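Order-wise, the sequence lines are chains A and G.
FYI, the numbering for the first sequence is 53 to 288, going by the working numbering.
FYI, the numbering for the second sequence is 53 to 288, going by the working numbering.
Hints were generated in silico from the structure; no laboratory data involved.
Please note that a few of the clues may not be correct.
Copies of one chain are not kept apart here, so a pair can be met inside one copy or by any two copies together.
In silico DMTMM-like links for lysine to aspartate or glutamate, alpha-carbon gap of 25 angstroms or less [to be verified]:
| # | residue 1 | residue 2 |
| --- | --- | --- |
| 1 | Lys252 | Glu235 |
| 2 | Lys252 | Glu125 |
| 3 | Lys252 | Glu55 |
| 4 | Lys252 | Asp92 |
| 5 | Lys252 | Asp115 |
| 6 | Lys252 | Glu159 |
| 7 | Lys252 | Asp90 |
| 8 | Lys252 | Asp219 |
| 9 | Lys252 | Asp79 |
| 10 | Lys252 | Glu66 |
| 11 | Lys252 | Glu187 |
| 12 | Lys252 | Glu271 |
| 13 | Lys252 | Glu82 |
| 14 | Lys252 | Glu266 |
| 15 | Lys252 | Glu116 |
| 16 | Lys252 | Asp112 |
| 17 | Lys252 | Glu140 |
Predicted model, so just to flag it, every value in this text is computed and none were measured.
Protein chains: 2
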Amino acid sequence: MSEIRVRALPGIGEITEGTSLVDVIVDALERSGQNLIDGDVVVVTSKVVSKSEGRVVTFDGTDEAREQLIESESRRILRRRGPLRITETHHGFVNANAGIDLSNTAEGTAVLLPRDPDRSARRLRADLRRRLGVEVGVVITDTFGRAWRHGVVDVALGAAGVVSILDLRGTRDGNGRLLEVTEVALVDEIAAAANLVLAKSARTPVAILSGLDESYFGEGSVARDVVRPPSGDLFR
Amino acid sequence: MSEIRVRALPGIGEITEGTSLVDVIVDALERSGQNLIDGDVVVVTSKVVSKSEGRVVTFDGTDEAREQLIESESRRILRRRGPLRITETHHGFVNANAGIDLSNTAEGTAVLLPRDPDRSARRLRADLRRRLGVEVGVVITDTFGRAWRHGVVDVALGAAGVVSILDLRGTRDGNGRLLEVTEVALVDEIAAAANLVLAKSARTPVAILSGLDESYFGEGSVARDVVRPPSGDLFR
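Chain A extracted, bound-state conformation (with noise of 0.2 angstroms):
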């Protein structure tokens, strides 16, 4: 039977720049007495991700200052609506802001969105290896708005280890026929996923994904596979 596990791990204590994070992930599931086995996938927000890699500003809160900060971190600005933007950030996500944490921040301070999150999964996925000796997926996530309905959910902005679009092509469905819907943003359902454990706890940045079919782990990449280029998109 396919059943899949999704626990959140308590324990990571407050990251600042040059926080280790494969440190203080070991400490946690130590602390806590779980383990990683090999087909596990860590999701990890990518705040804490942000923090740890020195993507921090000041930030005064004065309307000018979020203006600025809004449009260096941007390609471009799609809408704008109030104070809202809805921006393409310089990695080609679409989101609100730039992704840019203006507030559940150190006063004076904003956090900006990793440089380059599928960098930053692949890092913590080869030092989870070699402290753990463990074969692990890694997802890092942020909260996004949508088109068309309200409410945000947790996306994918990097991934390593875990394949980010499973094609389904040339699967059969119960009549024998070909499926017609067959490219599964898999790397989004697991971050929506974690965060079914994480959305009533600002202070648990991890979640622990198991059971995951042994299909869904190969090379992956959000930036390559799932941001969807200007020209290819009908809504911008």
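Dock chain G against the given chain A, drawing on the hints supplied.
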């Protein structure tokens, strides 16, 4: 420790008009030795809901019939590219081809979306309560593409007994500050999590989530809470 389980429910046979969903679910639970308890969420893909409700129409496979069918199920066509239509359905969902299943169906037929997926969810929830004496949530899902990102994800079309949008306003983060991003589309994250066990098998249309936070349960409606009215949308 916060932990959820997501499992597929095997053994759901062919569904046709008039098939009782609660009967097939109860049978499948018995045969697989699984059970439902209070606080579980039952996720059902919309296709089997549609079939059980007789939302199957004849379709001869011609471009003209295809176009007519999509138009009759839509309030508005937002974009056209080749044979693809991005539609706003009568429910207010923005999706591809009005969510009509034109290919993975019995010869000469197409499957439309349920007419009122929230009502379908409420009915199944009430039936499960009556048959098994359990208070569970129900989420009806479908597979949607997204603007800006490649790949499809499962989202909620209807819900009962689950809070559709989790309002975290007033929640404080690790620094004691109020969280800015506050309204999580919980039912869409539940749909996505369920698809992690369902994506690989078109024969398995039902998943069960256990262990969700008790604050996730309550009155919910996708039509009322998740569908964004055109007037409040920056992207159509």
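Results for each hint:
1. For the identical chains of this complex, Lys252 and Glu235 are inter-copy neighbours only, at 11 angstroms across copies versus 30 angstroms inside a copy, given an alpha-carbon limit of 25 angstroms.
2. Taking the shortest Cα distances, Lys252 and Glu125 never come within 25 angstroms of each other, neither inside one copy (28 angstroms) nor across copies (38 angstroms).
3. In this assembly of identical chains, the alpha carbons of Lys252 and Glu55 lie at most 25 angstroms apart whether taken from the same copy (23 angstroms) or from different copies (12 angstroms).
4. In the homo-oligomer, the alpha carbons of Lys252 and Asp92 lie at most 25 angstroms apart both inside one protomer (22 angstroms) and across protomers (18 angstroms), since each shortest distance falls under that limit.
5. For a Cα distance limit of 25 angstroms, the shortest separation of Lys252 from Asp115 qualifies neither inside one copy, at 30 angstroms, nor across copies, at 48 angstroms.
6. Taking the closest pair of Cα atoms, Lys252 and Glu159 come within 25 angstroms of each other only inside a single copy of the chain (23 angstroms); across copies the shortest separation is 46 angstroms, beyond that limit.
7. In this assembly of identical chains, Lys252 and Asp90 lie within 25 angstroms of each other by CA distance solely across copies; the values are 20 angstroms between and 28 angstroms within a copy.
8. Proximity of Lys252 and Asp219 under a CA criterion of 25 angstroms is satisfied inter-copy only: 10 angstroms between copies versus 32 angstroms inside one chain copy.
9. For the identical chains of this complex, Lys252 and Asp79 are intra-copy neighbours only, at 22 angstroms inside a copy versus 35 angstroms across copies, given an alpha-carbon limit of 25 angstroms.
10. For the homomeric pair Lys252 and Glu66, the shortest alpha-carbon distance inside one copy (18 angstroms) is at most 25 angstroms, but the shortest distance between copies (39 angstroms) is not.
11. Taking the closest pair of Cα atoms, Lys252 and Glu187 come within 25 angstroms of each other only across two copies (22 angstroms); inside a single copy the shortest separation is 29 angstroms, beyond that limit.
12. Only between protomers do Lys252 and Glu271 lie at most 25 angstroms apart by alpha-carbon distance; the minimum there is 18 angstroms, versus 31 angstroms within a single protomer.
13. With identical chains, the CA atoms of Lys252 and Glu82 are at most 25 angstroms apart within one copy only, with a shortest distance of 23 angstroms there and 34 angstroms across copies.
14. Taking the shortest Cα distances, Lys252 and Glu266 sit within 25 angstroms of each other only across copies (11 angstroms), while inside one copy they are farther apart (29 angstroms).
15. Taking CA atoms no more than 25 angstroms apart as the test, Lys252 paired with Glu116 passes in neither setting, with 32 angstroms inside one copy and 49 angstroms between copies.
16. Taking CA atoms no more than 25 angstroms apart as the test, Lys252 paired with Asp112 passes in neither setting, with 29 angstroms inside one copy and 49 angstroms between copies.
17. Proximity of Lys252 and Glu140 under a CA criterion of 25 angstroms is satisfied in neither setting, with 28 angstroms inside one chain copy and 32 angstroms between copies.
Consistency note: the structure conflicts with the earlier hints numbered 2, 5, 15, 16, 17.
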